[in-house]
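J.: Single-letter residue listing:
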Amino acid sequence: MAQSILELQAVRKTFGSVLAVDDVSLTIGTGEFLTFLGPSGSGKTTTLMMVAGFQSVSSGAMMLDGRPLDPLPAYERDIGMVFQHYALFPHMTVTQNVSFPLEMRKVAKSEVKRRVHEVLALVGLPTHGDRFPKQLSGGQQQRVALARAMVFKPRLLLMDEPLGALDKKLREHMQIEIMRLHRDLGITVLYVTHDQEEALVMSDRIAVFNEGRIEQIGTPDDLYENPATRFVADFIGESNFLKGRVTGRDNGLARIDGLLPLKGRASPGLAEQDQAVMAVRPERLHIGAAGGQGNGVENAVDGRVTDIVYLGQSRKFIVRLADDSEMTALVQANVQGLEGLSVGAEVTLSWRAEDSKVLPDA
Amino acid sequence: MFARLARDRYAWLLLPAGLLILVLFAYPVFWLLVRSFSDPTWGLQNYETVLEKTIYLKVLWNTVAIAGATTIGALVLGYPMAYSMVHAPPLTRKLLIFVVLIPFWTSILVRTFAWMVLLQPKGIFNDLLIGIGLIETPAKLMFNRTGVLIGMVQIMLPFMVFPLYSVMSRIDHSYVQAAANLGARPLKSFFRVYLPLSMPGVITGSMLVFIISLGYFITPALLGGRKDVMIAQLIQQQISDFGNWALASALAVILLVGTGLIFAVVYKVFKVGPDARL
Amino acid sequence: MKRIAFWKNLRALICLLVVVYMLVPLAIILIISFSSAPFLSFPPPGFSLQWYDKFFTDPSWVRSLMVSLQVMIPTAILATLAGTGAAMALTRSKLPAAGFIQGLLMAPLVVPVIITAAAVFGVFRIWGLYGTIPGLILAHTVLTIPYVLSTVVTALGLVDRRLEDAAANLGARPFTTFRRITLPLILPAVLSGLLFAMVISFDELVVSLFISTPTVRPVTVLMWSNIRGATDPTIAAIATLLFLFSLTALLLEGLARRKTNQPRVL
Numbered sequence: 001m002a003q004s005i006l007e008l009q010a011v012r013k014t015f016g017s018v019l020a021v022d023d024v025s026l027t028i029g030t031g032e033f034l035t036f037l038g039p040s041g042s043g044k045t046t047t048l049m050m051v052a053g054f055q056s057v058s059s060g061a062m063m064l065d066g067r068p069l070d071p072l073p074a075y076e077r078d079i080g081m082v083f084q085h086y087a088l089f090p091h092m093t094v095t096q097n098v099s100f101p102l103e104m105r106k107v108a109k110s111e112v113k114r115r116v117h118e119v120l121a122l123v124g125l126p127t128h129g130d131r132f133p134k135q136l137s138g139g140q141q142q143r144v145a146l147a148r149a150m151v152f153k154p155r156l157l158l159m160d161e162p163l164g165a166l167d168k169k170l171r172e173h174m175q176i177e178i179m180r181l182h183r184d185l186g187i188t189v190l191y192v193t194h195d196q197e198e199a200l201v202m203s204d205r206i207a208v209f210n211e212g213r214i215e216q217i218g219t220p221d222d223l224y225e226n227p228a229t230r231f232v233a234d235f236i237g238e239s240n241f242l243k244g245r246v247t248g249r250d251n252g253l254a255r256i257d258g259l260l261p262l263k264g265r266a267s268p269g270l271a272e273q274d275q276a277v278m279a280v281r282p283e284r285l286h287i288g289a290a291g292g293q294g295n296g297v298e299n300a301v302d303g304r305v306t307d308i309v310y311l312g313q314s315r316k317f318i319v320r321l322a323d324d325s326e327m328t329a330l331v332q333a334n335v336q337g338l339e340g341l342s343v344g345a346e347v348t349l350s351w352r353a354e355d356s357k358v359l360p361d362a
Numbered sequence: 363m364f365a366r367l368a369r370d371r372y373a374w375l376l377l378p379a380g381l382l383i384l385v386l387f388a389y390p391v392f393w394l395l396v397r398s399f400s401d402p403t404w405g406l407q408n409y410e411t412v413l414e415k416t417i418y419l420k421v422l423w424n425t426v427a428i429a430g431a432t433t434i435g436a437l438v439l440g441y442p443m444a445y446s447m448v449h450a451p452p453l454t455r456k457l458l459i460f461v462v463l464i465p466f467w468t469s470i471l472v473r474t475f476a477w478m479v480l481l482q483p484k485g486i487f488n489d490l491l492i493g494i495g496l497i498e499t500p501a502k503l504m505f506n507r508t509g510v511l512i513g514m515v516q517i518m519l520p521f522m523v524f525p526l527y528s529v530m531s532r533i534d535h536s537y538v539q540a541a542a543n544l545g546a547r548p549l550k551s552f553f554r555v556y557l558p559l560s561m562p563g564v565i566t567g568s569m570l571v572f573i574i575s576l577g578y579f580i581t582p583a584l585l586g587g588r589k590d591v592m593i594a595q596l597i598q599q600q601i602s603d604f605g606n607w608a609l610a611s612a613l614a615v616i617l618l619v620g621t622g623l624i625f626a627v628v629y630k631v632f633k634v635g636p637d638a639r640l
Numbered sequence: 641m642k643r644i645a646f647w648k649n650l651r652a653l654i655c656l657l658v659v660v661y662m663l664v665p666l667a668i669i670l671i672i673s674f675s676s677a678p679f680l681s682f683p684p685p686g687f688s689l690q691w692y693d694k695f696f697t698d699p700s701w702v703r704s705l706m707v708s709l710q711v712m713i714p715t716a717i718l719a720t721l722a723g724t725g726a727a728m729a730l731t732r733s734k735l736p737a738a739g740f741i742q743g744l745l746m747a748p749l750v751v752p753v754i755i756t757a758a759a760v761f762g763v764f765r766i767w768g769l770y771g772t773i774p775g776l777i778l779a780h781t782v783l784t785i786p787y788v789l790s791t792v793v794t795a796l797g798l799v800d801r802r803l804e805d806a807a808a809n810l811g812a813r814p815f816t817t818f819r820r821i822t823l824p825l826i827l828p829a830v831l832s833g834l835l836f837a838m839v840i841s842f843d844e845l846v847v848s849l850f851i852s853t854p855t856v857r858p859v860t861v862l863m864w865s866n867i868r869g870a871t872d873p874t875i876a877a878i879a880t881l882l883f884l885f886s887l888t889a890l891l892l893e894g895l896a897r898r899k900t901n902q903p904r905v906l
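Protein chains in written order, with the numbering used here: chain A, 1 to 362; chain B, 363 to 640; chain C, 641 to 906.
Check each hint, because a few of them may be wrong.
Label-pair ranges, simulated between beta-carbon atoms [unchecked claim]:
| id | chain 1 | residue 1 | chain 2 | residue 2 | range |
| --- | --- | --- | --- | --- | --- |
| 1 | B | Gly545 | C | Leu650 | 22 to 28 angstroms |
| 2 | A | Glu197 | B | Phe553 | 27 to 33 angstroms |
| 3 | C | Ser733 | A | Arg131 | 32 to 38 angstroms |
| 4 | B | Phe553 | C | Val750 | 32 to 38 angstroms |
| 5 | B | Trp393 | C | Ser681 | 45 to 51 angstroms |
| 6 | C | Val659 | B | Ser531 | 18 to 24 angstroms |
| 7 | B | Glu498 | C | Ala652 | 28 to 34 angstroms |
| 8 | C | Ala667 | B | Val619 | 40 to 46 angstroms |
| 9 | B | Gly493 | C | Ala645 | 29 to 35 angstroms |
| 10 | C | Phe740 | A | Asp167 | 44 to 50 angstroms |
| 11 | B | Asn543 | C | Arg819 | 54 to 60 angstroms |
Derived EDC-like pairs: lysine to aspartate or glutamate, alpha-carbon spacing no greater than 16 angstroms straight-line [unchecked claim]:
| id | chain 1 | residue 1 | chain 2 | residue 2 |
| --- | --- | --- | --- | --- |
| 12 | A | Lys243 | A | Asp324 |
| 13 | A | Lys153 | A | Asp65 |
| 14 | A | Lys243 | A | Asp323 |
| 15 | A | Lys134 | C | Asp800 |
| 16 | A | Lys243 | A | Asp361 |
| 17 | B | Lys484 | C | Asp872 |
Facing chain C, according to a computed beta carbon distance under 10 angstroms, are these residues of chain A, among others [said to hold, decoys possible]:
| id | residue |
| --- | --- |
| 18 | Tyr75 |
| 19 | Arg77 |
| 20 | Leu88 |
| 21 | Met92 |
| 22 | Ala145 |
Calculated directly from the structure, the hints in this document are not laboratory data.
Cβ atoms here follow ideal geometry from the backbone N, Cα and C, with glycine treated the same way.
Sequences and hints are given; from them, build the entire structure.
T.: So this is what it looks like as structure tokens:
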């Protein structure tokens, strides 16, 4: 990783007796796109607000470029921010909004003009300078907010659910634009979202927040393939969970005994006799008529199909097991040989040990 | 805590208004309050005077009676008015709001003067009544209770209409539809559903009108007769005409405490306060 | 259905009655003020501006008009500054007991005016402010601060706090944020507070009655002393002028608010 820009050391935030952020430590490298992902109330926005200087830190330290950030008021931090719902000044035109940070920095008038023009062209709004925010569409307001946050070339760009107010199509379009700007300009971005898909698409790394703590931090691929906790396995993508007790370990694999004996990749720190849960992704499940074993994989369970959901490019099979728990299997539409599987059919679900992960059951 | 406050720049902005109110309002009112107990000697003698003499008790009773009658009058006229405002088409609604609002912003003196012109024995109203043959000799419409109430209700009406309007406009029409769907006839659904839902407005409006009426001065002084003296008028007379601060201050404290008590009781019992208005 | 029609008609009738009841006295005043008759009569025999002429040429009326203006303008400015400042403090700082302080500042609106009048009269006599223009200004300021305060507090509550955060994030110091962001956004409310204060000061009678003397006497007090016995149409002319003044202020205030879609406070 490149040289680090922002470093959080054991940051905590309490509101009265409520612990909002607990022991958060992380570093962000130059040019990195790091996302805080988590459900609402998980502490991700509070952490962002502390970085921006709108909330004070209860304990711990924050360093920007090696200098402590805490003593600086918000207006001296030089950190750009795109607010939720943009916070564009309603009484100022686009140009006035974007000029504002430069005026505050006493940049010369001609230079202000040049840079505002440049940044508006960059976000694709070269001719909208005289409009007021109210006269712009949601997507255009979003671009103005981006332009205003970037125009003073901050060391770090914070984005707080910036796409939350846009519809799905526009959101996907803006995701690509933001990624392009990030790549082309080499800005360091700290992004907050509760949308796991958005986080997976955009980020270099993701920090998953839950109940004020970081559950896991890693690349999208890493989080998807190697979730460290049940929360992460559940929050990122979809997972089936099967409970059991660890009965043995070998070669990085763990055996658990629940409804049936199963085998999966062991997460570190798992000991024998621990209560554990096996996570397996719906698309890693193989579904076939009951009894038709044959693909020679480690794990198999029997059940009955209760629902079939057509999703266009794929189909979802909901299967009820003997203990009344449910599993979901996702099958691509072009997979052949499933014609006989209708609701009520007895089926066998099977998967390879390395496609599943055994996690401690919290 | 004070060190933190001193650093809080915005807190300093409270200082001018705070000082003005403390020195020019809170202190004088406190001074008046103290006088009621200390003039001419410490004791409760001033309150005893008020409560022992029939003329003063009569004034207290007048005050409550006139304020009560004003409240009822304003409610009877204000409720249908507010209901119509809520359920009228937009243009009519704007017009009705304008009608209620304009006199609200006209000086009370101006409006009371208008009533004097209208209601005097040789005034327009009497001319009209005689003209259409309803009466033969001029009716006494002024310098009595009738005059006071005609003037007071008109002045208080906005204070009744706006709380009612704000509560009624928040009543979801689907409740009334639900009542109809469940078989309630219109009148029944009004009394069982709409009226109870509009009660917060009725209570807030009535309390406002009653309390403001209690301390009223200009209208009763100009339109009322000798038998319609209210407490505020008595305070003014005692100070301006007789320099009797002892009695005036005791009356002022009675008015203040009475007003405060009504506020407190209504707030406690009905959980609504003046903040429920617009 | 007949019964419903009856109630509907009754409601319409009451509304009509209320409209007449609210407007007729004002209309009468307006008409009488242009009367050509030498005394109060209705309907007036003809049109004339004699009563307006009388108002603007009678030295005692003109003097009292000057007093009213001399009181109104400083009052409005003082109350607007103090009220806006207090509103900022109450909404933007972490004052302990902010609710109580706001209650205290609003008290002059809630306490019956006669009490304020008597109390202020009592101490002003001791302090030598009785019968002076500064005394009237100070008393009116106290009476008008609540109007400014409540209007501006409401407006500040509607200003999205993230806009102020955004300004800070973009490098604006607190005062710059106030000047460039907050103030422009609450300006309609501040102006409306100013207009409220002007109208209330100009119309104020009860407190003025106590603390003014024949030499320093606002228009309303002079009206009061002339109104009781005589029925001089000059009063109708003044009443019409007062009404036009309030109406203008009300319309201006509505205009200021429409520009920014601020809701009505009072």
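J.: Output the numbers, in ascending order, of every earlier hint that fails for this structure.
T.: Hint check: 2 fails alone, others pass.
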